[in-house]
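Which chain is which? The protein sequence lines are S and G, in order. Numbered according to the numbering used here, the first sequence terminates at residue 283, and the numbering increases by one at each position without gaps. Numbered according to the numbering used here, the second sequence terminates at residue 1688, and the numbering increases by one at each position without gaps.
Keep in mind that the hints were calculated from the coordinates and are not lab data. For clarity, every value in this text was computed on a predicted model and none was experimentally measured. Accuracy of the hints is not assured; some may be wrong.
One-sided excerpt, in silico: chain G residues whose CB lies under 8 Å from chain S [said to hold, decoys possible]:
#1 Asn1365
#2 Phe1424
#3 Phe1472
#4 Met1529
#5 Met1533
Computed beta-carbon distance windows for the label pairs [what the hints assert, rightly or not]:
#6 G:Pro1366 x S:Asn32: 39 to 49 Å
#7 G:Asn1367 x S:His97: 25 to 35 Å
#8 S:Pro177 x G:Ser1431: 27 to 37 Å
Idealized CB from N, CA, C, for every residue including glycine.
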Amino acid sequence: MKTIKLVIAAIIFSIGFSSCTKDDDSPIVEENPLADYKMVSSLKANAHTIEVYSEQEQYTIGYNELFIRIKDDASDSYISNAEISWTPLMHMSQMKHSCPKSAIVEDGDESVYKGFVIFQMPGNDDEYWDLTLDYTIDGVAYSVTQLLDVKAPADNKRRVTVFTGSDDVRYVLAMMPLTPEVAINDFSAMLFKMENMMTFSLTENYEVALDPRMPSMGNHSSPNNVNLVYDAESKMYMGKLSLTMTGYWKINMKLLNESNEVIKGEDVTDENTESSLFFELEF
Amino acid sequence: MKTNLGIRPKSLWLTFGNNRCVYVLAMLFFLFFSKNLDAQEGIVEKIEDSILHINLDEVVLISSRKALGHQKQTKPLSSLDEYLESAQKVNMVKRGAYAWEPTLNNMFSERLSVTIDGMRIFGACTDKMDPITSYVDVSNLSKAHVVSGQQGAEHGTTIGGAMDLELHKSNFANTGLKGSLESGFETNNELRIVGAALDYSSDKFYVDGDIIYRKAENYFDGKGNEVGFSQYGKYNFSANGGYKVNDGNKLTATLIFDEARDVGYSALPMDVSLARALITSVGFEQDKLGTFSDWKSKLYFNKVTHVMDDSKRPDVPIRMDMPGWSDTYGFLSQLKKITDKHNFLLKWDGFYNKSLAEMTMYPNNPNESPMFMLTWPDVRTLNTGFYAQDQIDFKGSSLKLSTRIAIQNNKVADELGLNSLRIFYSDLEQSQNHFLKSVSAQYHKHLEPFHINLGISYGDRAPSVSEGYGFFLFNSFDNYDYIGNPGLKNEKSFEGNAKISLQRAKFKTSLEGNIFHISDYIIGEVDPMLSAMTIGAEGVKVYSGLKYADLVNVSWDMEYSILPELKWSGTVSYHRGTDNDHRNLPFISPVAYRSGLTYKKETFSGTMTMKGAGKQTNFNGAFGEDQTQAYTVFSLTFGKTFYLSNDWVYAKVGLENIFDEYYSTYTDWNNIPRMGQNFFLSLSYSIN
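In isolation and in its complexed conformation, chain S is listed as follows (with noise of 0.2 Å):
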């Protein structure tokens, strides 16, 4: 059987080769840039319509990278040199607040535009999301709001967290994107301040210590895992994450500040078994 699979493997790998090849004689014509992603939502204001995509299925909370194309109803093209700037707003009860949120810059094509969001939590029926977009096109500047449905992930497992530190500072830590393997896993993640309700700013070299376990194969760890330190360059917090098996893993955490002191978390032993700072991953 492998053996039959490997020579269909072969067999399409190689056409999948030579049909390449064939294409790179062609120019491509008036492909989407952004045909991988999701369009996550599509409005039509101000004689424009503005798409806005991403890697996943859906606005979910904890990190989203999102990508924006704005095009000319009038002309049916995509708009270039746009400055844009966007505002998210959670409508509760009682408050209104905003979240972690890039710049948003343009992204290799001319016409795509990329930003990121963290959402801290879901929408429900009575609180909700919605996106302000302020852009500029040739001087002229527009506004759209849209409401966004904010879903909690399909495996429902934690991505973001947000907490009062030691400090009595309100912190949202959230995970970067990953597709776990077996393996020692790149891993990263963000780190923001909650200033106020509406501004959230980077909070730079810290350091988050990793105790990833298994709750349900006697809470064992997993060797060799490399706490996060602040990079500068990405403006994230990297490390190693070692996942010995597949399955439900807790990632226990301990955020340290700059004089090492532990801001929130815990240390996992035989009676504590979790920590109160934790992200999860199942695969």
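Since the structure of chain S is provided, determine the placement of chain G on it from the hints.
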């Protein structure tokens, strides 16, 4: 996790089911009411190569199908494990009632070369629940050659020695059609054995076939407690054929299919639902090739499937499946050259093995994903080697020189497996090479009335798949998870042996000893930084090389013919194993002894044997060992041959562990007790 032996008291050992009663009675009827005529019998458990005193191998005769073969055995239909246990240097590690693991000179599988007719086969179980001796049955075999140390390098690299299981073949004996039926029964575990064999042999063509089935329930120990999960069932089929193309050329072929199901392993937390092997080969033999003779070549393939599961265990922390697969493709080709003084053997062989094993654990929460890992990451082993041996004959003395040079490549073929290992060894190469060598010199001198044998040798071996690439292999003996270490160096052994023997008409004695100085001795050492994966395990051990370890084995053998019909034999042996820090090595035998009386007259034979061991004083708690107490057990057997015209019927009855001694030996995994009193009966009907 410590194993629950599931003990429940037995009633009387003879109270088995009604149908079995009938079975035994029928056999007894058969035994006592058949007409008997005379025949000669011999009771030989093992012989030494007496033609060439230089070879110190023990040959365990199995030959159950040869006429009179049965009489020579104390227990003709016993398992191969029991046969091998009768060899002086062999001990069997017991994890249940089935598939014992042979050790030689107190060394385990990875330090031995175990072959079937020279073919390499590798078990598919990461927990060594399927030594390859479990994939053949006595019905397939004629002999087992047991050779110590580097003298066993003929079939592959080894440290401790070699065991080659020789298949039964009619070999153009021109005996026509012969058949036999076998049946056996044992009371302790209600073991039932039925078998049949049919051989046809002419001077142009032969084909031998046999089939055997064994089924056993749980056995009872010497205290009358049932040892839970010691049941097993297996069947084995084999066919061998040969065709003479012309006078000097022969074609041969072999097929063995062996399948065991529902095998309990009392000492382990898991059982085996399936252990299956398909063993095949085709060969070509030519009498002459230029100035050489006996040119034999063979191509072989074998496939082993092993499925460990715990579905029958009532109470486990987590359910898991652990299947494993091991496929081996190999070849060998050998030539002889015999001159007045020299006796050369040249051999070229090679094999390619694929070892893959998985572990899937099912969380108690059914909504959670199963946990999956590769415990053997599809390791491909490619090994090819040359072996050369010369036996030089001087007047009154002889010298045997031998060498093996081999190259071995190990490759981790599975991406997931490779990445798993890179968690521990970030710079692990996918492929690694080992250069393996062995040299040995063995000298024999006849100084009337003594024979003196002296030998020195050097050999090395590459780490086994588990030692090099195992991933969280749980060892229930010391309660640790084991991680392989791909950076291990070859284990190297310097070995010396000596034997002095004296033979008189009525009396025979020999004193024999060997010493192994093994550097980079591979063993698991605790890594306190690592967290155990298995629930309840104490920690993780990583295979590492000890600076060195020393093993010593000394034995003294005696045999005396009291009367022409009555012979006494006795053996006592001493063993010691220590490492460079003078720590005791695990699984080293305490002082062991055995003694027996054998009687044979005409068609009747009888044996009384005693075997035992002293208290284990040198053991190592760090390897999970505790002290094993001294024991002595006695057994009795009686055999009788009856002739029915041209055919013969051979019956044998015996009582093992007569006094129902409760004991376990140093090789019994987690101290599971051995079988208590056991009555056996075997009946063979041979149609000539």
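How the hints compare with the structure:
| no. | hint | in the structure |
| --- | --- | --- |
| 1 | Asn1365 | holds, 7 Å |
| 2 | Phe1424 | holds, 6 Å |
| 3 | Phe1472 | holds, 7 Å |
| 4 | Met1529 | holds, 7 Å |
| 5 | Met1533 | holds, 5 Å |
| 6 | G:Pro1366 x S:Asn32: 39 to 49 Å | holds, 42 Å |
| 7 | G:Asn1367 x S:His97: 25 to 35 Å | holds, 33 Å |
| 8 | S:Pro177 x G:Ser1431: 27 to 37 Å | holds, 33 Å |
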